[in-house]
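Participant: First to last, the sequence lines map onto chains Y and S. Quick note on numbering: our numbering labels position 332 of the first sequence as 332, and the sequence is numbered without any gaps. Quick note on numbering: our numbering labels position 104 of the second sequence as 104, and the sequence is numbered without any gaps.
No lab work stands behind these hints: they were computed from the structure. Heads up, some of the hints might be wrong.
Stated by the list, open to error - With a cut-off of at most 30 Å between alpha-carbon atoms, the simulated DSS-like pairs for lysine-lysine come out as follows:
hint, chain 1, residue 1, chain 2, residue 2
1, Y, LYS106, S, LYS115
2, S, LYS179, Y, LYS115
3, Y, LYS151, S, LYS115
4, S, LYS327, S, LYS59
5, Y, LYS37, S, LYS284
6, S, LYS201, Y, LYS151
7, Y, LYS37, S, LYS179
8, S, LYS115, Y, LYS249
9, Y, LYS115, S, LYS115
10, S, LYS151, Y, LYS59
11, S, LYS284, S, LYS106
12, S, LYS249, Y, LYS115
13, Y, LYS115, S, LYS151
14, Y, LYS179, S, LYS115
15, S, LYS179, Y, LYS36
16, Y, LYS14, Y, LYS284
17, Y, LYS36, S, LYS151
18, Y, LYS115, S, LYS106
19, S, LYS115, Y, LYS270
20, S, LYS201, Y, LYS201
21, Y, LYS297, Y, LYS284
22, Y, LYS151, S, LYS37
23, S, LYS36, Y, LYS151
24, S, LYS37, Y, LYS179
25, Y, LYS201, S, LYS151
26, Y, LYS179, Y, LYS36
27, S, LYS151, Y, LYS151
28, S, LYS59, Y, LYS151
29, S, LYS36, Y, LYS179
30, Y, LYS115, S, LYS270
To be verified - Chain S regions said to be covered by chain Y (calculated; three or more residues, Cβ under 8 Å):
hint, stretch
31, 33-46
32, 92-101
33, 107-121
34, 143-150
35, 154-164
Stated by the list, open to error - Reference excerpt, derived from the structure (chain Y facing chain S, CB under 7 Å, subset only):
hint, residue
36, PHE45
37, VAL100
38, VAL101
39, PHE128
40, ALA146
Just so it is clear, CB atoms sit at the ideal spot from N, CA and C, and this is done for glycine as well.
Number of protein chains: 2
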Amino acid sequence: MVVTLIQNRNKISKKAMEEVMGFFEPDLLLIENSLKKHFASHISFVNQVSGHILFAGGKRLRPLLTVCAARLCGFEGEDIYDLAAVPEYLHAASLLHDDVVDGGEKRRGKTPAYKLWGNSAAVLVGDFMYARAIELATRFEDIRIARAISKTVALMAEGEIIQLLHAKVPSFDEETYFKVVDRKTASLISTSCRIGAYLAKGSRDKVDAISGYGLLVGQAFQLVDDLLDYMADSEELGKAVGTDLAEGKLTLPIVVGLEKASPEQRERLKAILSQGYVTPSEFKWVKEVLLETGAIKYTYTRAKGLINSACERLDIFPHSEIMENLKVLAGYVLERRK
Amino acid sequence: MVVTLIQNRNKISKKAMEEVMGFFEPDLLLIENSLKKHFASHISFVNQVSGHILFAGGKRLRPLLTVCAARLCGFEGEDIYDLAAVPEYLHAASLLHDDVVDGGEKRRGKTPAYKLWGNSAAVLVGDFMYARAIELATRFEDIRIARAISKTVALMAEGEIIQLLHAKVPSFDEETYFKVVDRKTASLISTSCRIGAYLAKGSRDKVDAISGYGLLVGQAFQLVDDLLDYMADSEELGKAVGTDLAEGKLTLPIVVGLEKASPEQRERLKAILSQGYVTPSEFKWVKEVLLETGAIKYTYTRAKGLINSACERLDIFPHSEIMENLKVLAGYVLERRK
Numbered sequence: 001m002v003v004t005l006i007q008n009r010n011k012i013s014k015k016a017m018e019e020v021m022g023f024f025e026p027d028l029l030l031i032e033n034s035l036k037k038h039f040a041s042h043i044s045f046v047n048q049v050s051g052h053i054l055f056a057g058g059k060r061l062r063p064l065l066t067v068c069a070a071r072l073c074g075f076e077g078e079d080i081y082d083l084a085a086v087p088e089y090l091h092a093a094s095l096l097h098d099d100v101v102d103g104g105e106k107r108r109g110k111t112p113a114y115k116l117w118g119n120s121a122a123v124l125v126g127d128f129m130y131a132r133a134i135e136l137a138t139r140f141e142d143i144r145i146a147r148a149i150s151k152t153v154a155l156m157a158e159g160e161i162i163q164l165l166h167a168k169v170p171s172f173d174e175e176t177y178f179k180v181v182d183r184k185t186a187s188l189i190s191t192s193c194r195i196g197a198y199l200a201k202g203s204r205d206k207v208d209a210i211s212g213y214g215l216l217v218g219q220a221f222q223l224v225d226d227l228l229d230y231m232a233d234s235e236e237l238g239k240a241v242g243t244d245l246a247e248g249k250l251t252l253p254i255v256v257g258l259e260k261a262s263p264e265q266r267e268r269l270k271a272i273l274s275q276g277y278v279t280p281s282e283f284k285w286v287k288e289v290l291l292e293t294g295a296i297k298y299t300y301t302r303a304k305g306l307i308n309s310a311c312e313r314l315d316i317f318p319h320s321e322i323m324e325n326l327k328v329l330a331g332y333v334l335e336r337r338k
Numbered sequence: 001m002v003v004t005l006i007q008n009r010n011k012i013s014k015k016a017m018e019e020v021m022g023f024f025e026p027d028l029l030l031i032e033n034s035l036k037k038h039f040a041s042h043i044s045f046v047n048q049v050s051g052h053i054l055f056a057g058g059k060r061l062r063p064l065l066t067v068c069a070a071r072l073c074g075f076e077g078e079d080i081y082d083l084a085a086v087p088e089y090l091h092a093a094s095l096l097h098d099d100v101v102d103g104g105e106k107r108r109g110k111t112p113a114y115k116l117w118g119n120s121a122a123v124l125v126g127d128f129m130y131a132r133a134i135e136l137a138t139r140f141e142d143i144r145i146a147r148a149i150s151k152t153v154a155l156m157a158e159g160e161i162i163q164l165l166h167a168k169v170p171s172f173d174e175e176t177y178f179k180v181v182d183r184k185t186a187s188l189i190s191t192s193c194r195i196g197a198y199l200a201k202g203s204r205d206k207v208d209a210i211s212g213y214g215l216l217v218g219q220a221f222q223l224v225d226d227l228l229d230y231m232a233d234s235e236e237l238g239k240a241v242g243t244d245l246a247e248g249k250l251t252l253p254i255v256v257g258l259e260k261a262s263p264e265q266r267e268r269l270k271a272i273l274s275q276g277y278v279t280p281s282e283f284k285w286v287k288e289v290l291l292e293t294g295a296i297k298y299t300y301t302r303a304k305g306l307i308n309s310a311c312e313r314l315d316i317f318p319h320s321e322i323m324e325n326l327k328v329l330a331g332y333v334l335e336r337r338k
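In isolation and in its complexed conformation, chain Y is listed as follows (with noise of 0.2 Å):
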């Protein structure tokens, strides 16, 4: 069974994962601090509807990713703290957007800003975020940074459309959603890296190896994702399971799913995931019919296999602790569980 391996690979990377976070300690910090000095307005209430998806127990796995991109292409700077808020402030303002298109219920486990404050509230305070990113982007005097994190912000809004635009009508095909997740996942894990890249002026080679890092670690991310709405525990996900099936989205599970189903199975699925919510026991049908078919385990070696793609690409770089970090990195991606 896919959760029995997935519960004991988890097992199993605890503890080097417990080692790496270890070691990333200090640079956690000092994203931390660093998030804090760079996010705030003058408005009290923009700090307020931001500090709330901004600290909200986010992984820090973008700024972490620009960090150490700057760190393997050999940059030694203390101002890469302050480049590394960028993606974290993209990646929340786009959380705000994300919460008010598909009326999401919880988001890390709190009630969104747009529930709270209003939908108006989410739209400026996120457009404020978006900007406020760019502009941080644009003091360390390299165009290509802010090109590639403008050009970024236009894919996610893009792959939110697409989304948008197929939600509830099951017309998917892999390629589609392969589409969705570079523009709306991947790409910003991808940027993370090579913006770091950038700053420590790592030749082209380094950029690419990097940045094609974060790219299939961002594919392999949402790939996860997908899975935990049908295998995750809803408090530890911080949202209830079955949220992504509720709001018809189109996920590698559903994908699959639809193609090996039996004429019978893909009908009732169909008419599920247009229908704007989901009962318990159609969950439960749903899932058991991801895992009969070999969604499940397939999305699963999906993932597998690109992370394992994505760890090759480092191996242009100079053997590191940095470089074996990234790796284990990397694998968590694969256990995490929320």
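Add chain S to chain Y, keeping to what the hints say.
Facilitator: Quick look at chain S alone, frame taken from chain Y:
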């Protein structure tokens, strides 16, 4: 009567304005081409939504100012038209989001995007346009341009937020009012000038002068906008008069009116502002109070003063046809009827 005054002025300057528009016509055509060239996404739905707002008869004041500022600083290249698209995209993006926030019924005589395609589409296409505009701004290899643009987007969001926080709470003084205006309107008009001067590699003095002109013109532009909510013809304006009043927006005529009104008038004004709608007889009454207290006249005089100061800022440039026409253009801001 101020209304008559406005109407007379309109007649007086019509001929001059026509000449100026003839002078700028080739620029306006090239601006239109550039807007069409750069706005496209691969996703046709995005083009449909962004096209709806971009090609709905905007005045193109912002891109025209970018072109003029660059020419005034001696720039002769053709790529100024590419840069000129940037502030117009930002403006359009902000309108998409503002309509979601304000729940506006009409925009440039058309049904707003959020009403046609929903809040989600308006938010996401707005995000896309913001990001695409900033990306376009990074193509000019001058980090100052990207920085000015992203700072302005942050200010625009702040302006809308301050306005949102004060909506229906009539506790606005003139200082707060100008804080909103500078952020919401004047900043982008000023930045439209600034980036043109940056591209032209204008001296510090020249950049400051033309940006100062833009800021003052932008402030006056908003004051006239406030006046048009009472004085315009709905059809010509492209939206109903009295919209700001119905939404409880604190415009300068209202700020001044509240200050100069009798205690009884003030109470009724406050009640109307906070109720979320306005009846025709209430609108008529408010308009009379604003005329009677001198609030309309004060606002118009203030706008005129700002335009005079704006024109003075241009005096550091050697005399030229562009400079003269920029002065007439500033005058047009006072006379515009939509």
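Participant: Please list, smallest to largest, the hint numbers that this structure does not respect.
Facilitator: 5, 26
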